[in-house]
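In order, the protein sequence lines correspond to chains A and B. Everything in the first sequence is counted per this note's numbering, starting at 361 for the first residue and increasing by one. Everything in the second sequence is counted per this note's numbering, starting at 146 for the first residue and increasing by one.
Accuracy of the hints is not assured; some may be wrong.
[Unchecked claim] If you only want the chain A side, here are some residues facing chain B, beta carbon under 8 Å, derived: (1) Q415; (2) G440; (3) T507.
[Said to hold, decoys possible] Have a look at the derived ranges for each label pair, beta carbon to beta carbon: (4) R217(B) / E521(A): 41 to 49 Å; (5) A497(A) / S212(B): 30 to 38 Å; (6) P642(A) / Y210(B): 30 to 38 Å.
For the record, the hints were derived by calculation from the structure and aren't laboratory data. Every value quoted in this text rests on a predicted model; they were computed, and no experiment measured them. Note that beta-carbon positions come from the ideal geometry of N, C-alpha and C, so glycine has one too.
So the chains spell out like this:
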Amino acid sequence: MKYQPQALIAEVTHRCPLHCVYCSNPLEMQRRSEELPTADWMSIFQQAGEMGVLQLHLTGGEPLARADLNQLVKAGRSAGLYINIITSGVGLDGPRLDGLIEAGLDHIQLSFQDIEEGPANEFSGTRSHALKLKMAAMIRERRVGFTLNMVVHRSNLSRLEEMIQFAEQSGAQRVEIAHVQYYGWALKNRDALLPTRAQVDRSIEIVEAARCRLKGRLRIDFVLPDYYAKYPKPCMNGWGHQLMLIDPAGRVLPCHAAGVIPGLEFSNTREHPLRWIWDESPAFNRFRDESWMKDPCRTCDRRTRDFGGCRCQALLLTGDATATDPVCTLAPSHSVVERILAQVNGQKPEWVYRIDPV
Amino acid sequence: MSEVAHNSILRLAPGCRLSEHGAPEDLLLIPEGALRMQGPARKIVELCNGERSVQEIIGELQHRYGSEDAARIETETLALLTRLRERGVLEFV
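Just chain A, same shape as in the assembly:
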């Protein structure tokens, strides 16, 4: 079976002015001195375009921390890619934004941590909320695709309706309401972030009602917390099926978190062509088909839909990357998730903040 990559996530730096309590970057971040130079990224985008990749998501860390972002956008466009930047907005101003649009930027995804300044700054570990509001207004004045990203969890779900109202007036065409996923730094703060089942149910009602009300005006993408799901998510739509991620140092992974899986060696763009890494490298083929599956996945009707769930989550929660994703109610290890959920309470969280790589 041949797999066609659709999107490339380029983590162009791990440096970031924010210190979000649910940061999805790996625990071990790449230093600035390890970052790929401009020319390497340009070659990667060219190779990706030739492989039929459609979309390039420039992310980080904070992609604006790269002084050559404009060149990267231009290189992506010349390679025929659709260019999105995923940003906190910190480091942006009018002229820089105009320059990026001029260079061929198609779309900006701007993150918000809350709708109220106090909590927003608490969750991001920085005083960034007021600046983000200015950036949203600035983006709205220009002709570029605009999505707001709102990360939700136990301590801000009570303001979900206000978040959607804000999105409605922000000029964005889309809003992504994403419950925190428990990888990277978010796993460290999981007990403080996990919502109650009642909060999750309420969030579904709110989003459904808003989707009806805003149909044709604002699209709402909604990511549920899979700990509460009956069946696992089709993680990345399958390992190595559609998506690849390149870290700041050039390591190519099937997802953000795969670096946690022991025994896998992720090839580097400094040493191999992207095409070889995608088609041939052992790490990309490790969980691509169904041969790794054990019971109950091996014979389950849902295996072609959810691919056994998330390999990283299986590893993080059971210690075995080949186990059924324990969020699945059919998984032998599902009690692990039940025990975690049984401890969810309404107490005021104490955050563990991460620091930036040098």
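Fit chain B to the given chain A structure using the hints.
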């Protein structure tokens, strides 16, 4: 939300564009991915330039593809534009 009508004037919404001419496949690139542009779909979207009315677009297509299919061209064009409008890919001017 208003409906796509004969006097509507449409253009691509910000963040949506057609793939370059000469690309391996005709696609409409959008924030969430891409839509395949089959048959005359690309031509129809190209005609939505923020100046022509839907009526004028239908007229051009009927002229281009032959008027014996006039009724079908009208129905299918309206259906495509309505779908793309509801998806937020096209916007009213």
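Taking the hints in turn, this is what the structure says about them:
1. Interface restraint check for Q415(A): the shortest CB-CB distance to chain B comes to about 7 Å, inside 8 Å, so the restraint holds.
2. A distance limit of 8 Å between C-beta atoms decides the matter here; for G440(A) the minimum to chain B is near 6 Å, and the interface restraint holds.
3. Restraint check, T507(A) versus chain B: the minimum CB separation of about 6 Å is within 8 Å; hint holds.
4. Distance hint check for R217(B) and E521(A): the Cβ-Cβ separation is about 45 Å, which falls inside the suggested range of 41 to 49 Å.
5. In this structure the hint that A497(A) and S212(B) lie 30 to 38 Å apart at CB is violated, the actual value being about 49 Å.
6. Distance hint check for P642(A) and Y210(B): the Cβ-Cβ separation is about 52 Å, which falls outside the suggested range of 30 to 38 Å.
Of the hints listed earlier, those the structure fails to meet are numbers 5, 6, in rising order.
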